[in-house]
Amino acid sequence: MTILEPTGLGLLELGLLVGLGLALCFAVCRFVHLRRAKQQLIDLVQASAIGILVLRKDGTLYMANQQVELAFGYSRIELAGLPVARLFTDAGPLLNLLASRPALPIALDGEHSGLHRLGWRVPVEAVVSQLHGVPGAAALVSLVNISARHRLQQNLDQQRSELERVSKVMMLKELSGSFAHELNQPLMAILGNAQAALIHLDRKDPDLSELKDILSDIVQDNKRASEIIRGLRALYGKGELLAERFDINELVEQTLVLTGRDLFKQDIHCSTELDQNLTPVLAVRIQIQQVLINLLINACESMRSNCGPSKDANPASGPMVLQISTLNLGDSVQLCVADEGAGLPADQCARVFEPFYTTKKHGMGLGLAVCRKVMQAHNGKLWASDNDRGGASFYLTLPLATSSTSTGSDLCLQESPVLL
Amino acid sequence: MFAREPSVTLIDDDPSVCKAVLRLLESSGYRAQAYQTGQQFLDDYDPGQPGCLLMDLELPDIRGLELQDQLEARGDAPPIVFLTGQGSVKDCIRAIKHGAVSFLVKPVDAEQLLTVMHEAMLIDRNRREVRAENSELERRLALLTQREREVMKYVVAGWLNKQIAAELGTVEKTIKVHRARVMEKMCVHSLAELVLLASRAGVAVCPSLVPTAQ
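If you read the protein sequences in the order shown, they are chains V and A.
Residue numbers for the first sequence, in our numbering: 1 to 420.
Residue numbers for the second sequence, in our numbering: 1 to 214.
Errors might be hidden in some of the hints.
As the list claims (entries may be wrong) - Here chain A is said to cover these stretches of chain V; the calculated rule only asks that three of the stretch's residues, wherever they fall, bring their Cβ under 8 Å from a Cβ of chain A:
1) 177-188
2) 191-197
3) 216-224
Keep in mind the hints are simulated off the structure, nothing from the lab.
Built from N, CA and C at the ideal position, the CB exists for glycine as well.
With these hints in hand, go ahead and build the complete structure from the sequences.
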């Protein structure tokens, strides 16, 4: 018993001591473990490919990773304690979002411009998340630097506008004779009439009613000339691309007037079969006109290159015929350009719309690819097939103005300008 | 000299251009008419009508240059002036090489147009005069007999009657009669006139100019 007493006490003390020791050990282990975990966390944050900002409640930086240092040009020491507003040209939306303390991570709308230490802008996208378990830190902001994407986009835009320019120049070259002629006709009439009027006026007894006739003819021809110039400016200028309601038949007729001289000389006859029951379509008129001109140029080139020599050998065969027809399909309008050219083998019907695919000697293979893009932007279609006259037919459809008034318009306007 | 008044024929498919150019020509004292296609013009074409042709390079049914070739092939082409809104240098050169009087580019000034019209009208008048003289000459030549024609060759070469008689194996008196008939049928009064007509008509002066006997 006596032996047991001190031993009992000793055991209790020993137990306490051991307990304390274990607790200490555990605490030290935990501390070391935590430190390691924190370091690992910091390493992870540092290694992240996106920029990470950890903010205090007052909006100053608690921590930032290397991506932030790189994108914004500050050193880690400079970043510590920096107000986050200093990193943005307009930190308003970000601070508002922080103040609202979102429960879930939430992305800031659109692009924001960050401010580099040296003053230039850094385009970024940001996501804000709330932090609860980190003492001293209130929120985490992830930033993606999109400068590279921007540069790429700029390059693409530049390339596209360059292509547009080249295509336009090619089309202009193709049709310049027509345009000159169309413009010179009214100019000739105006000049002739005006000089005839001057001669009349030099007479002793000028015929006033004749002079009146002459002047009203001059006015008519002047209007005609300005109409042509307006059409040309719309076709080649940098006009706004606004969707409007228009009649496809009217577009066909006007386009034939503008291009007819160059395309349909004596060897090619153009016949039209226009459905008089057409409902107006809603589209960017100029773009549809450019598509149509492209199809006409292709058709005429195909017919000439196909029938050039044989036609000389057999002039009695008469001119080749290019058919343009329109059709009301109920929910859309269809336009067809059918030629008597070389035709399209089945495998080419799809390939002709691929960029840089061409069957022409001097073609770039862009026309039809761009045309299809334009038609798609209008919720329309463009396709090709063989026809029973041995040539190719190109069809395009456009939805009616009534069936898709809002969506059609939005689509056309959102789509970046796709011009020929 | 001409019973018919010369006129300008305009071919252009643009009605307002036709109207204006006709007005200008008519108010400047020309007679003028217009056609819109090459075929309409050809259907109505009268080679006897003096004047000139003023036409567009690209007509709806035929190229102006082809119409020029067709008229040229017939041999009675009027002087042609092209009036174009889109002429190339190539077309211009071809047109002029094939005998076009001028190649005008729309819009053309009245002064320039009228100057060219005046020139074309003069060319037409000269051509018609020459053509009329030639046909008259041919008519007279056709009146000559085979023998008279033969005698004329020697006469215009400067042979004396007796030399010709010796050459053709006949007597001087016969040659004298032939010579008188030639002079009469050719409507000339002197040897010099006959020589002039013969050279214009291209009568061969076959025997050597140097008489064989002195």
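> Checking against the hints above, which ones are violated?
Replying inline: none
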